[in-house]
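What follows is each chain in one-letter form.
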Amino acid sequence: MTVTQATAPATSPSSPASPAAQRDGRTAQRSLGRRLLARPEVGALIAAVGVYVFFFAAAPAFREASALSTVLYQASVMGIMALPVALLMIGGEFDLSAGVAVTTSALTAAILSFQLSVNVWTGVVVALVVSLAVGAFNGWLLIKTGLPSFLVTLGSFLVLQGANLAVTKIFTSNVASDSISDMDGFDQAKTIFASEFSVGGVNVKITIIYWLVFAAAATWLLLRTKFGNWIFAVGGNKDSARAVGVPVNLTKIALFMGVGAGAWFVGMHLLFSFNTVQSGEGVGNEFLYIIAAVIGGCLLTGGYGSAIGPVIGAFIFGMVSQGIVYANWNPDWFKAFLGVMLLVAALVNLWVRRTATRR
Amino acid sequence: MDRTSRRRPRRYAAIAAATAAAALLAAGCSSSSGGKQAEEDSGTTSAGKASTPRMTVALVTHQAPGDTFWDIVRKGAQAAAAKDNIKLVYSSDPNAGNQANLVQNAIDQKVDGIAVTLAKPDAMKDVVAKAEKAGIPVVGLNSGLSDWKKLGMLEFFGQDETVAGEAFGKKLNEVGAKKAVCVIQEQGNVGLTQRCAGVKKTFDGTTETLYVNGTDMPSVKSTITAKLKQDSSIDYVVALGAPYALTAVQSVSDAGSKAKIATFDLNKDLTSAIKKGDIQFAVDQQPYLQGYLAVDSLWLYKNNGNYSGGGEQPVLTGPAFVDSSNVDTIAKFAAKGTR
Chain A
1 MTVTQATAPA TSPSSPASPA AQRDGRTAQR SLGRRLLARP EVGALIAAVG VYVFFFAAAP
61 AFREASALST VLYQASVMGI MALPVALLMI GGEFDLSAGV AVTTSALTAA ILSFQLSVNV
121 WTGVVVALVV SLAVGAFNGW LLIKTGLPSF LVTLGSFLVL QGANLAVTKI FTSNVASDSI
181 SDMDGFDQAK TIFASEFSVG GVNVKITIIY WLVFAAAATW LLLRTKFGNW IFAVGGNKDS
241 ARAVGVPVNL TKIALFMGVG AGAWFVGMHL LFSFNTVQSG EGVGNEFLYI IAAVIGGCLL
301 TGGYGSAIGP VIGAFIFGMV SQGIVYANWN PDWFKAFLGV MLLVAALVNL WVRRTATRR
Chain B
1 MDRTSRRRPR RYAAIAAATA AAALLAAGCS SSSGGKQAEE DSGTTSAGKA STPRMTVALV
61 THQAPGDTFW DIVRKGAQAA AAKDNIKLVY SSDPNAGNQA NLVQNAIDQK VDGIAVTLAK
121 PDAMKDVVAK AEKAGIPVVG LNSGLSDWKK LGMLEFFGQD ETVAGEAFGK KLNEVGAKKA
181 VCVIQEQGNV GLTQRCAGVK KTFDGTTETL YVNGTDMPSV KSTITAKLKQ DSSIDYVVAL
241 GAPYALTAVQ SVSDAGSKAK IATFDLNKDL TSAIKKGDIQ FAVDQQPYLQ GYLAVDSLWL
301 YKNNGNYSGG GEQPVLTGPA FVDSSNVDTI AKFAAKGTR
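From first to last, the protein sequence lines stand for chains A and B. Numbering follows this note's numbering, in which position 90 of the first sequence is assigned residue number 90; successive positions increment by one, without gaps. Numbering follows this note's numbering, in which position 270 of the second sequence is assigned residue number 270; successive positions increment by one, without gaps.
Bear in mind the hints are in silico, worked out from the structure with no lab data behind them. One or more hints might be untrue.
As the list claims (entries may be wrong) - With a straight-line Cα cutoff of 27 angstroms, these simulated BS3-like cross-link-like pairs (lysine-lysine) come out:
| # | chain 1 | residue 1 | chain 2 | residue 2 |
| --- | --- | --- | --- | --- |
| 1 | A | 169 | B | 332 |
| 2 | A | 335 | B | 201 |
| 3 | A | 169 | B | 49 |
| 4 | B | 336 | B | 276 |
| 5 | B | 133 | B | 149 |
If we strip away everything but chain B, and leave its shape as in the complex, we get:
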């Protein structure tokens, strides 16, 4: 709180604080561990660049801003674009109507190919037809496994959230879980609901759902703790995103529960948690691969007429499980933010 006695204090206070900060920096008050200096430059994936003519590809997803998962999809798409001499136009909107507008926008720009996610296929039907009419090849990725063919798309890369959830449920059976709680960080999100539904379908034990406020970590932590205390028979916490799994580790210890934790999706910190044994396993649908393959496929189609799956079968990018047996291999890619 500010003092009442200060007359014209703001400027001086700011200067003083800035000087103090600068002094701290200048005094070489550096950290001897961690930080960027410690982060090894692991080298980026670099490859040659195709000599084919420059083309433009639009990638339109239903990403909400700041979502880790989609960030990796985008990185994969960018890697493919860089290799294939493609100009990548990325846009996203979680609202289906707005996403359809973004596809229309790409058609108006006369791009050479469109990659689109089908979180709400019905909303995208018309605009996909328009693109095809305009002679622009359209490929699907991520969600829409059951609808891409109906929409006349060229090919599809990904894995339904439901399929991932089902694989997760089977894995829970393998590890002998009895009662799981599925933690949804955004109530009403289609993909997250499908993941939990998939788990419920194949898991032989009981699955409960718990909603938490994903934008507020302290409340995520408290709510999971509360649930574990309310029901001490829960032996597995199923998180639907890496940050929430890491928070669940704290909740489990706060609640003094014996529950184990497994999660969908990966990130750097999660791989170290798997190494330490805090988290049992993660199921990864390889978002990087989805972005990469979708963009690369449009290049192949344009330059060599290839398409995967013959218009009949989708290309599945998962589920890939990460646990203590293979985490070392994957950790170094996760550290770069590409797994």
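Bound-form chain A, shown alone:
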């Protein structure tokens, strides 16, 4: 499985680099197994294997390679956004506007390209600028006002939700953007953001590759760079971080802009794979990103977590939501099944972490 491979570089050499691990590093050296289990994502990994085995046994259709590709596709689109959201959470903040920000970005690119009849790449670039600006604004407002990020981004969530609808109506007089599939540059952009290729007869969506590449990059950023240390520091204790010279404001704004960049990427994927964007999309997804991060071992209080965790979290979410369909369970209970499975996954995760850190 791809996931286990991706975990390997994160676990073996690098645990001392993270301040989170240093916390209990003062005690006597523990066995390698114990130290491995103490990694934030290991509990999630065990839960993921459990969920996989469960559906493998329960749903015959789940066993095919193409089913795994379908699951991974849903997980990847969610997971790409869960990465910057997890980094932000490690940095001690939330972004409730992350779900609708994706739609905002896609709408910006679609409407701008269509209305001005320009090459779609212009829209793509402008959408990136808008997304980064939204992120920077969230961060700036947080720092200037000192309000909790929950409140600040709740505000921007509502503003963006309203603006998505209103601006789309002004320009298209509909509630969806016009199709840009026949415009210049569309095919090119589709190749980059929404293409697929075949591996041994199984269609693989390109977002899966991006997802894993971004996860590797985020892991490197967290564990191998100064900026990564800053993220843990500002999430753990802002004031102490500032006292030892961590640029707290810069770090937080950069993290919010990272969410903006993620929203842009996913927004472009939506636009180029579905040609049009519904203005009401994305509402509620912000919680899915946070859920993926939390299942993956990020603490809601900040200062602890990993970049591999949300990858596994998104994978679990994708497996559960598709697995229920593959298993053909009564769909009326869908949400209830989903809730139970996620709770179980989260509990396994918690139990593993407790067992691992107990002395």
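Given the structure of chain A, go ahead and fit chain B onto it with the hints provided.
Frame of chain A; chain B shown alone:
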């Protein structure tokens, strides 16, 4: 991700990006195909305006924000209001209690007529009675086919979701479908559930239900794909809204399934998908007509005392089927966003 080395980078980055975007625009990097330039100005419906005194009509629906269907209802209502010299006050709330409050709000404003949808008739009963007591004529539209008379409403324009579903089921029998999956994009939505129930009632084959998360297209796509792979005997995907039908086209090809797709409701892209043969047919309950007739009827009642159906029979606005045989006629209206 942002670099750590940047000291005061934000402003410069923003300026640089803005300049780059402006340069792209200025360099005439324009698209030679598609876009607004290519969209023909097909001319809007324009007609004269009535010389009757200005009146105010409130249209209160159970629309959720951003729903395509209701957007068309509203456009129909606006067209009628413009023609009839009516000031249209539009408000909506999917929550029945809030919708009742909005009707009360219209009564307080002393409007000359109220058009209201009855998604949850019991919740609207009291407030409709209040409007009638205040001497304001009330007409029903869209949902509430079995309740409008009981509530003492003047007339009703629309078609129950159940009736539309039943017509859909019959059509599935005609095209020889054996096993259909009804894709509900919002779990617990009354109207959508009624559509599927209607399909199930008249369709001779088996109907299964599938819930998808309508606000997240990638998951809609994956879930439909998963269902088609799980059960390869499914030969018809029944979508309950145009955007979901268009997504289902991708799912069917991803799953390598032979299933065909049909849907409720229309939009511009859907008509081209019907032309291309990606989607077999769409059933349309003509939302534009519902909005238009509801508002226009209040004008007729006020100015000439007319009312349709004699207080006994509803005015049915559907079901109207759109398939390859008539799609060309309808496509040009759908392009304007009015079908």
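Verification of the supplied hints:
1. A:169 - B:332: holds (20 angstroms)
2. A:335 - B:201: holds (25 angstroms)
3. A:169 - B:49: The given pair, whose Cα atoms are some 25 angstroms apart, holds under the 27 angstroms limit.
4. B:336 - B:276: holds (19 angstroms)
5. B:133 - B:149: Between residue 133 of chain B and residue 149 of chain B the Cα gap is close to 16 angstroms, so the pair holds against 27 angstroms.
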